[in-house]
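With the hints as a guide, bring the two chains together.
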Amino acid sequence: MVDETQLRQIAAAAAVAAERRERLVVTLLQMSLLMAILVGWTLASGRLVPQIFLSTPLRVAAALVRLVANGELWYHVRFTLMEALAGYALGASTALLAAVAVSLVPYARQILQPFLVALYAVPKIAIAPLIIIWFGLGVLPKVLLAALFVFFIVFLNTVTGVQSVSRELVGVAAVMGARPPRRMLAIVLPSAVPYILVALRLTIPAAMIGAVIGEFISSNRGLGYLINAASSRYDTAAVFAGIFSLLLVVVAMNGAVGWLERRLLRWRTT
Amino acid sequence: MAGDHADRPGRVAARLALATALEARGVYKVFVARREGRQEGFLALRNVDLDVQRGEFLTLIGPSGCGKSTLLNMFAGLVLPTTGRVAHDGTVVGGVNTRVGYITQDDNLLPWRTMLGNVELGLEFKGTPPRERRERALTYLQRVGLGGFEQHYPHELSGGMRKRVSIVRTLVDETDDVVLMDEPLGPLDAQTRLLLQDWLLRLWEGSGRTIVFVTHDLVEAIALSDRIAIFTRAPGTIKAIRPVPISRPRDVFRIHDAAGFGAIYKEIWEDLAQEISHG
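Just so you know, the sequences run in chain order A and B. Just so we're aligned, residue 0 is where the first sequence starts under numbering that gives the first Met the number 0, counting upward by one. Just so we're aligned, residue 0 is where the second sequence starts under numbering that gives the first Met the number 0, counting upward by one.
So that you can see chain B by itself, here it is in the shape it has in the complex (with noise of 0.2 angstroms):
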């Protein structure tokens, strides 16, 4: 059940006196662009409110545009908000924030590096000593059946492998107890997809980690999370925030006939309906 991770033993017991990971509060952003020799604002994000429990794996959900990476980038320090607060374990997040993970849709592997060196890169900028962060690489690679392909270059793996060393890449930190990830899955095909998805839910079920999740797809979003942020069309607000009531482990190939799934695809379907049909 949803709540229970964030009861498993974590790593830094001071900071999981906190239930709230990640929170959002009266977020309003404003990117401005050069249009027709004139700087313009356009409001991406208005009023955005959001906390993230600790252990919980929360989709942010909606139309294209909406504003939803715009959210994960501010969780990861790369975008600041115009007004309002951002914070990561009760501190405001006021630039880079190192102690999250964070994965993209594209999987911004190194191409003059090793699988095994992609996974050691972020080990290395923490300064972890090489003989143990290869030691830790090499396991992890192991453990996630990456084994045997650790001195392959990226263009030589297909791209379902090439997004687990991106996703590898980040846990193997383990000193960050978030995880962003933004359409990680999304240029997979199909089938690799739900073998991916379903290989994501065995790595991160019992880790404690917090995931926050970006995806378009409602049926991976229900298939994955156990809570899912629904956006309004842009500038994006948090419409809803409903929880997945069906139960872990999941079986993410027959996430379909699981009870519950029809009541809570209806549901939330209705609330983006009407987001992409006012667009």
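This is chain A alone, in the form it adopts within the complex (with noise of 0.2 angstroms):
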């Protein structure tokens, strides 16, 4: 006779060892794929490639430490931090905004279509110079510019997201009672909620990449002035320290979307 609840325990344990198991393995498996990299790196500089040019991994990792411990990368980050949150928080109620608008009133999204499109296609990095022209070297261009780089996915994201809707559901509502707006409210934006999501998760990094043109252009602080003035002083391991520090920042950033995201469909999946 078998016993049956020490045969489900047993297979269960199994399957969480072998979990366990599959997840240390592809963990030991990156780490030695960074650790080549950066072993990679070191020989490479100043044997294949001149020190000037590469740097090397030990001599970044100093100019981290001097530039954390001299407050400059903070001071920085703040900086470029806060031009890519207002930009995207701009940009993207902007665009939501603006999808709602486009959506309730007719005929309106087949109008602007062409126009959107055209000015969707436009690299934003052609626009920048105009808009520091226009509102000079301060903190609001880079805003401005991060904001740019966000407003057209989310707003072409949302739109499609809305027209996804299924009409079916939408007259179920509009029979339940619905007039358009809380149809709206109630049906289309929540329906188009995974759309928007991608949206947001997308351009994270878009918003960092408008702040820090900006800052290329025209600026006396930020992480893109910081890289900017270390690769006109060829000093290479301060502009892969910046390199390094967008990075973390990007990468907090998608942190907390992904956590926003958990939130919002959780409906979804338990």
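Honestly, I wouldn't trust all of these hints.
Said to hold, decoys possible - Which residues of chain B face chain A? A partial, calculated answer using Cβ under 10 angstroms:
#1 Arg34
#2 Gln38
#3 Ala75
#4 Thr82
#5 Gly83
#6 Thr97
#7 Tyr101
#8 Leu120
#9 Gly121
#10 Leu122
#11 Thr138
#12 Tyr152
#13 Ser157
#14 Asp175
What the hints assert, rightly or not - Some chain A residues flagged as far from chain B (calculated, every beta-carbon gap over 10 angstroms):
#15 Met0
#16 Ala14
#17 Val15
#18 Arg58
#19 Ala60
#20 Val99
#21 Ile131
#22 Leu136
#23 Ile152
#24 Thr159
#25 Gly176
#26 Asn219
#27 Trp266
Derived by calculation from the structure, the hints in this document are not laboratory data. Ideal Cβ positions, reconstructed from N, Cα and C, are used throughout, including at glycine.
Quick look at the structure:
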């Protein structure tokens, strides 16, 4: 006679162990890959490529420590982060409002479509000098650039999401007594949430790009300025340190949106 | 018996003075679709006349594509006739008809709302205060045997349960004395379907509500209905209306054994067979 309780427990424990083993293997291989990159970088530097172009991981680490210790890094990160976040919020919120407005007003989407596609197709970097001319050298033009990088993706995705809503579901809501604004809020926008979240995730690096480009063109602070200034001094280690800091900031922002996504999409899977 | 439901006390006494809840008179419907770059008209309904009596369970049956769902959508005001007249309680339906309940084949539950949230939806749209609608939804869910799952999301429920929630969501709004159902049990497996037919009949019997039900399953139509309207193939028109002479309450699980089942089945099958074999 087989003890069924025991049998189930053994099977469950085996599954847990297999899962843990798999995770361990993946983590170990990831670490090895990272080590290989760092070692390869160290070896290449000064041998395959002059050190002045490549620096070394140790020098980059030293530059990072120096920048952190003298407070310089935090000073620049603060500006870039603030510009990117403000631009992100501004771009995403105006895009959402515009998408709702366009969806509610008859013909608005058809009329605006070609204009928006044309604007979207213009490389936003080409607009940057214009924005600097209009809004000067302060924080505002960087915020606007970041917003510009965010706006179109969120807008177009939201419009697509709104259009993907089941017409039958909207019909059911109408028969239940929901007027058009109510249908938009209670049915259409929530249906579009997965589309909106994809856009919000895609545009995090875009907001950073906008802010950094603004700083490249004209600024005396921010990570873009830090990288630019270091590169003009041929301080490659500091350039890498700046890039590395940008990477960390984007990863942190991604984490925040991932958290938001899990909260908002709880109904999808358990 | 069929007519008895009309005599039960309803909630809107004045409207109940009318014996006809819904009517269609000389209804034609042309759908226009683009085919090979040209707009082409397609006749979906041809000269449909129908009276739905208050309190009856009427089923529309016919070959697929015959326009029975189109007629149902006209009663809901989601589709308007090209010519002819569709009326509810004597008033022409000229736009979305919020005085009916409307249930589709797809459950159309909001996946981001719990079962309770979904059941409250219609009451919310009609402006019922939060406390009252919560109470009514909870009471109704208890009554129909869905208690204990209120906080579950649709993806956590079985197909049969989702279907029940979708029906309850419509029935909980008791200001709608007419309920339109478009193949609501269509996607379910055979056993669940029987269970839900039984469940639906129990909910409806004694409620005094008028139901217009669309199906292509003849046994289901006979098990549930007071009268069955048979559609011709497209362009659809009503070929015959046959009363179901089986007494209530009915046992859907043994409907084949009910007195009169064989005769009415044979009679309607003759009507339908001609339409299907032509197609």
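Okay, the hints, checked on the actual structure:
no., hint, result
1, Arg34, "violated, 21 angstroms"
2, Gln38, "violated, 18 angstroms"
3, Ala75, "holds, 5 angstroms"
4, Thr82, "violated, 23 angstroms"
5, Gly83, "violated, 21 angstroms"
6, Thr97, "holds, 4 angstroms"
7, Tyr101, "holds, 4 angstroms"
8, Leu120, "holds, 7 angstroms"
9, Gly121, "holds, 4 angstroms"
10, Leu122, "holds, 9 angstroms"
11, Thr138, "violated, 19 angstroms"
12, Tyr152, "holds, 5 angstroms"
13, Ser157, "violated, 15 angstroms"
14, Asp175, "holds, 9 angstroms"
15, Met0, "holds, 34 angstroms"
16, Ala14, "holds, 22 angstroms"
17, Val15, "holds, 24 angstroms"
18, Arg58, "holds, 51 angstroms"
19, Ala60, "holds, 46 angstroms"
20, Val99, "holds, 18 angstroms"
21, Ile131, "holds, 43 angstroms"
22, Leu136, "holds, 45 angstroms"
23, Ile152, "holds, 23 angstroms"
24, Thr159, "holds, 18 angstroms"
25, Gly176, "violated, 4 angstroms"
26, Asn219, "holds, 47 angstroms"
27, Trp266, "violated, 4 angstroms"
Violated hints for the displayed structure, listed by number in ascending order: 1, 2, 4, 5, 11, 13, 25 and 27.
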